[in-house]
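**Q** Chain by chain, the residues run as shown.
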Amino acid sequence: MSISKNITFNMPQMALEAISENWLFKEIGDAHWDLICDGLNTRSFDLKNDTGDRLYATFVRIKIECNATLKSFKENEQAVLMGDINRFGNSMYFSNVHLDAGKKSIRANLMTTFSIRNKTDNTKLAKSEPADVVNQVATLTGLPQIGSEYRLLKKGILKEIIHGDYHFKVKEDQIFETVYELNPYYDLNGVNLLYFAAYPIINDVCEAKYFNQKFKDQRWEQTYYTAYKDIFYYANCNIEENIIYRMHDCEKISDDAYKISSSLIRESDNVTIAKLFTVKSKKHA
Amino acid sequence: MDSKLVEILNTVRVNSGLSPLASYSKDLDLRDDLEFDSISIAELVASVDITFNSNVNEDGMVQTVGDIQDKLKEN
Numbered sequence: 000m001s002i003s004k005n006i007t008f009n010m011p012q013m014a015l016e017a018i019s020e021n022w023l024f025k026e027i028g029d030a031h032w033d034l035i036c037d038g039l040n041t042r043s044f045d046l047k048n049d050t051g052d053r054l055y056a057t058f059v060r061i062k063i064e065c066n067a068t069l070k071s072f073k074e075n076e077q078a079v080l081m082g083d084i085n086r087f088g089n090s091m092y093f094s095n096v097h098l099d100a101g102k103k104s105i106r107a108n109l110m111t112t113f114s115i116r117n118k119t120d121n122t123k124l125a126k127s128e129p130a131d132v133v134n135q136v137a138t139l140t141g142l143p144q145i146g147s148e149y150r151l152l153k154k155g156i157l158k159e160i161i162h163g164d165y166h167f168k169v170k171e172d173q174i175f176e177t178v179y180e181l182n183p184y185y186d187l188n189g190v191n192l193l194y195f196a197a198y199p200i201i202n203d204v205c206e207a208k209y210f211n212q213k214f215k216d217q218r219w220e221q222t223y224y225t226a227y228k229d230i231f232y233y234a235n236c237n238i239e240e241n242i243i244y245r246m247h248d249c250e251k252i253s254d255d256a257y258k259i260s261s262s263l264i265r266e267s268d269n270v271t272i273a274k275l276f277t278v279k280s281k282k283h284a
Numbered sequence: 000m001d002s003k004l005v006e007i008l009n010t011v012r013v014n015s016g017l018s019p020l021a022s023y024s025k026d027l028d029l030r031d032d033l034e035f036d037s038i039s040i041a042e043l044v045a046s047v048d049i050t051f052n053s054n055v056n057e058d059g060m061v062q063t064v065g066d067i068q069d070k071l072k073e074n
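So the sequence lines, in the order shown, correspond to chains B and P.
Everything in the first sequence is counted per numbering that gives the first Met the number 0, starting at 0 for the first residue and increasing by one.
Everything in the second sequence is counted per numbering that gives the first Met the number 0, starting at 0 for the first residue and increasing by one.
Simulated from the structure, these hints should not be mistaken for laboratory data.
Incorrect hints may have been included.
[Claimed, not checked] Estimated spans, in silico, between C-beta atoms of each pair: (1) Thr122/B <-> Ile49/P: 20 to 28 Å; (2) Lys154/B <-> Gln62/P: 18 to 26 Å; (3) Ser2/P <-> Ile174/B: 36 to 44 Å; (4) Asp1/P <-> Thr140/B: 18 to 26 Å.
[Stated by the list, open to error] Heads up, simulated BS3-like pairs for lysine-lysine below, C-alpha to C-alpha not over 27 Å straight-line: (5) Lys4/B <-> Lys168/B; (6) Lys25/P <-> Lys126/B; (7) Lys72/P <-> Lys154/B; (8) Lys251/B <-> Lys72/P; (9) Lys170/B <-> Lys118/B; (10) Lys25/P <-> Lys4/B.
Glycine residues also receive a C-beta, built at the ideal position from the N, C-alpha and C atoms.
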């Protein structure tokens, strides 16, 4: 299964003179979902489990890496989005999605499972898998690293996330904390779940609070742009929830870049809903 | 119990950061007794299906070791 489409970066695809990270996550997520539906030869709203409940793709982990930063991509630039997908068993799907514009590129790795919704409580999603489908998605023979690392991090066993030159020590220290009030019009998706594409933006809004207090002569949002982000999705939340952002670690790794580790936590029950590992840089191609 | 199934259960336990077990009884719950999370259960089911050419979750999600054995007997 593969996908390929041409994209022009216009205002809907942009924010802060760069590719919008929110748009990017929606686009790569949609590509992943299209690949699954193509492989199962079904439409998304027809996807059901053995008891007839509608299935939703649940993002487990998304990792994006730019060879520069999101600001390297310019208005009116043409890009090609390409992707392919594999699965391990009937419930875990792994896609690789590339967005290339000349020498500039973004590489994304996405992992999903399937869940059925609890109609009244978003904190109680149940795992399930498609029934009565002919699955044409190629099968892997083992759980890929993106999945095994997720499991070990969630269990508190993994102590370091390594991606190329980026080494993130997994820490629980707290160097900054703030509360984010959900914006339902923006953060919730079509079935009232906290949208997977909202997590990185909630993180960035809160992260900017920290850096804008620290550097009063420049706006963090307009100076440092995402070069790498790795999101481990643990849980969802309801509309009335507040989200606690907790920064665990922040390290200047060069004159141009910072490496940041953080968590998003449900305020009502103190459950971690995501862990994020980010590199932001002001060096653009 | 089939030695291949024991091998798969132990592989998933080790991959999940848990110790292997010498034996498994039918009534062991995958979550409560074996401490498997959703990823570990998905890995277990995928590994069993590949090894035994089965589809153990075909009529519903398995909950116990015995559920897997029963599905393999039906296969």
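**Q** Now look at each hint and say whether the structure bears it out.
**A** We went through each hint and held it up to the structure:
no., hint, result
1, Thr122/B <-> Ile49/P: 20 to 28 Å, "33 Å, violated"
2, Lys154/B <-> Gln62/P: 18 to 26 Å, "21 Å, holds"
3, Ser2/P <-> Ile174/B: 36 to 44 Å, "51 Å, violated"
4, Asp1/P <-> Thr140/B: 18 to 26 Å, "20 Å, holds"
5, Lys4/B <-> Lys168/B, "37 Å, violated"
6, Lys25/P <-> Lys126/B, "23 Å, holds"
7, Lys72/P <-> Lys154/B, "33 Å, violated"
8, Lys251/B <-> Lys72/P, "58 Å, violated"
9, Lys170/B <-> Lys118/B, "35 Å, violated"
10, Lys25/P <-> Lys4/B, "50 Å, violated"
Checked against the numbered hints above, the structure breaks hints 1, 3, 5, 7, 8, 9 and 10 and satisfies the rest.
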